[in-house]
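Chains as they are written, first to last, in our numbering: chain A, 1 to 492; chain B, 493 to 1045.
Keep in mind that a hint or two might mislead.
[What the hints assert, rightly or not] Here are the simulated PhoX-like pairs of lysine-lysine, each with C-alpha atoms no more than 20 Å apart in a straight line:
hint	chain 1	residue 1	chain 2	residue 2
1	A	K145	B	K653
2	A	K94	B	K737
3	A	K135	B	K683
4	B	K737	A	K453
5	A	K253	A	K199
6	A	K253	B	K594
7	B	K821	A	K76
8	A	K432	A	K94
[To be verified] Facing chain A, according to a computed beta carbon distance under 10 Å, are these residues of chain B, among others:
hint	residue
9	N662
10	I781
11	W792
12	E1004
Rather than coming from a laboratory, the hints here were simulated on the basis of the structure.
Backbone N, C-alpha and C define an ideal beta-carbon position, used for all residues, glycine too.
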Amino acid sequence: MIRFVFFLSVLVETELLCSVALIQIEFCVDLFLCFCFQAPAYHLILEGILILWIIRLLFSKTYKLQERSDLTPKEKEELIEEWQPEPLVPPVPKDHPALNYNIVSGPPTHIITVNGKECINFASFNFLGLLDNEKVKSAAQASLKKYGVGTCGPRGFYGTFDVHLELEERLAKFMRTEEAIIYSYGFATIASAIPAYSKRGDIVFVDEAACFAIQKGLQASRSNIKLFKHNDMADLEQLLKEQETEDQKNPRKARVTRRFIVVEGLYMNTGDVCPLPELIKLKYKYKVRIFLEESLSFGVLGEHGRGITEHFGINIDDIDLISANMENSLASIGGFCCGRSFIIDHQRLSGQGYCFSASLPPLLAAAAIEALNIMEDNPDIFQTLRAKCERIHKALQGISGLKVVGESFSPALHLQLEESCGSRENDVKLLKRIVDYCMDSGIALTQARYLEKEEKCLPPPSIRVVITVEQTEQELDKAASLLKEAVQSVLN
Amino acid sequence: MANPSAVCNGHLHHHHQKQNNLLKSGIYKKNGITKGMKKNGVSNGTLHKKTITEHFEQAPMYVAVLTFLGFGVGTIFGYLRDFMRAWGLEKRNVAAEREQQKDFVPLYQDFENFYTRNLYMRIRDNWNRPICSVPGPQFDLMERVTDDYNWTFRFTGRTIKNVINMGSYNYLGFAETDVNALKTVTIELQKYGTGICSTRQEMGSLDKHVELEKLVAKFLGVEDAMVFGMGFATNSMNIPALVGKGCLILSDELNHTSLVLGARLSGATIRIFKHNNMQSLEKLLRDAIIYGQPRSRRAWRKILILVEGIYSMEGSIVRLPEIVFLKKKYKAYLYLDEAHSIGAVGATGRGVVEYFGMSPDDVDVLMGTFTKSFGAAGGYIAGKKDLVDFLRTHSHSAVYATSMCPPVAEQIIRAMKCLMGLDGTTQGLQRVRQLGKNTRYFRRRLHEMGFIIYGNDDSPVVPLLLYMPGKIGAFARRMLEKNIGVVVVGFPATPITESRARFCVSAAHTREMLDTVLNALDELGDFLHLKYSRYSKSSHPELYEETRLELED
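Pulled out of the complex, with its shape left as it was, chain A reads as follows:
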């Protein structure tokens, strides 16, 4: 009996399954009760001690548990009491340049009244001068009379008007693509289009000078983003090659990983064009799709204003998706994507800015249609614009202290300081003095504004010069000479 109990205690001590031990102890207690009347007293005492010892062994902790860190309710209350959040927004200094923005009274057309002073407009992207066009206005008026202002619903829920369908058809026809889709906000166009196709795990190769809307679209897509140096095809090819070797290692993953190149036709931040023919070659070599943002080049480049594809004479079907806004050349509001139906149609259920936003007010769609009519009826307007761009580009060369950035035919040029004066803040202040000088003499200009902390690759500070067809040659020359004068007076 003792041996039996002892054996059991050894069992327990060696930490075999506790539950097994428990059952056996119960069994052992039964035995004990049976035999206790026959056994001698020392047996009983010894057995009693042993059983107590077993119980102690069972209930004592055989290993040290980590100290539990549960907070008491009081401590929790204290923590809640203690927590102090940051203010919702930090205070903005009163002299922040963005707080003292220009106020335009009246329409921002060729002649613009900025802060009460009448100037010639070299700041608004009204390339074709359609903002002030009577035909456009009367088309919008007619639409206003028929449809009122708002659409009161997204496209899916009675927010599709006949004018929207007409505009989509006209845009597709103008761009010579199968289908077009319109958005009610320029910024939302490419920012919604990218995440409609590119998902988590997909790879996007993007030019580092890409505009903010592209950056946000990429962020929303949660794809794998690979930046290549601005317009550097060797760098892009390097990245593509790296990806190719990566793919060979994991071909199963590679079969479902979509890849895209996202570039701009005419770069907003640098004023130069993308090398599209080389990009097309890379596209077919590495089987990557190309998304093209044409907000600046649509209605500007090419013989008929069809943008960068026409400029380079490239078959538009080689581009998978073209996105542009209607807020520059067309002088309306909104944006569109165009391409093959296979691609575009997908956005009608997956483009967030399309599905979940109220549709474009019909009067703005009507204005855009009329603007397209004007573009189609006056194809020489693009030649005129180009000549004006080249004229001022030439005139602006050789200003000491400032360099011109951008193609000669770009209607939006950047003037950057040749030498920075130390900090970005000082550069911005210096450029502001140049802008103010010009503004005082009747030329309205603006600095290109960026959210400095948000931009992936922040462009250097610059003054943006926007050329429109309404500017006369004298005005262009005046602007150039005034800029020269301003730089001289400010830099010296």
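Based on the hints, put chain B in the right spot on chain A.
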């Protein structure tokens, strides 16, 4: 209201206990399929005494079973047809990849579009119906037909005239073409044209914007406001300016995509609380403050609660008094999206803040859109001057997006002036009152007929539950046959078992129009067996007596 289960006590704490009990007894809506009806009175201590009733009645169990069965049959047929398409037995209507790009990685995964191809396509004719008139109380639809089961549509050139519009968010009836009403808009359009061609920070801040912003701030009773060109972008481009890494966003599970997108773009951590559920919110708030950020255990920099005023798919109204109480207790910030509620609720149309009799100062960020009640486009953010100044400098929209079109701004100005009585009439106020009357009338009649409708008694968004996928198409088509345009919604916009039709009541609807719609619904409800409610007139006679009395005064 004589609602026996409504809680109407002057203390928040009691209310929480009551809801806890409800949760335990298993009649909370999200606890699977359970029987019962949730009617919670929202009460807010000293500020707000009136009881608000929200309904989320559960359908009988067999409805859920049949709904799943419906989806099951649809799915089986979908696979069958996919199989037939793969073997060339059925024509493939969908656009195909270019020949030259066949060896690229496929742009779409086949299964991604299974639902679209096989279920949505069958009833696709009920969405995107093109209209060719003002989206007022009645509109004209372009008639379209399909020869290939909704893969393509063909316009017949005819229009279906004077369809009663129960779909547009034209709550106050400002979507109108009356020449007198639009006079100022016409003038501004002639003066400014349509475009801006620049951003707010560059050359796109017009005197018109300054005028509008001052008016919006005055209308809402706050220090300052800023307006943006698109309602969707107001959320998605401003939330990232307010919060970032190290901040926490607490978001209602039913928040609109734009809020979700804005939250995602901000880089902040996002946690979701149950729809309008204060226990869930409080628990998240407590845990967030006590335990701090995951892994690093640092304290959160700030906590932002994102809610909407009226939820557009549920018709429920946010429990603002309780949220404000919680936000103050836990020092969080509150972002209130009044997209559907501004203009639509409150005695003078100032949104949920006025509806609950609260001060606009209680909400840190007041956001709203002009698309709905104001019949225009765009959105605003309003609040303290510090906030708006910060947004003027840091909003993505202010720096990178084209500013608001001037004639659209003028439409907002005229509508807002009308609401504020600055046009010298009481027309604006009348519209708000009419909307309230129409809403209560419409909701009461639907209740009486025995439909299950969701949401708050005062919400002009009225979801009527259809449940089964087959009924979505049947309902919308038959309503159109009766010359009534309705919106139907199914998965994925709603939970899979809760397909619904959604009506938006407008102040411009006349009693005759509403009666026409109600009669049609009554008839169709019997035909399609939609009257699932077990709380029809007979079981709550006192409720209807009371409502009637209220309506008459």
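The hints, checked one at a time:
1. A/K145 with B/K653: At roughly 18 Å apart (the allowed maximum being 20 Å), B/K653 and A/K145 satisfy the hint.
2. A/K94 with B/K737: violated, 26 Å
3. A/K135 with B/K683: holds, 13 Å
4. B/K737 with A/K453: Distance ~13 Å between B/K737 and A/K453 Cα, so the pair holds.
5. A/K253 with A/K199: holds, 14 Å
6. A/K253 with B/K594: Judged against 20 Å, a Cα distance of about 18 Å means the pair holds.
7. B/K821 with A/K76: Within the cut-off at roughly 14 Å; holds.
8. A/K432 with A/K94: Satisfied, since the Cα-Cα distance of roughly 17 Å is no more than 20 Å.
9. N662: holds, 4 Å
10. I781: With a closest approach of 5 Å, the B/I781 hint holds.
11. W792: holds, 7 Å
12. E1004: violated, 21 Å
Hints 2, 12, counting from the list given before, are not met by this structure.
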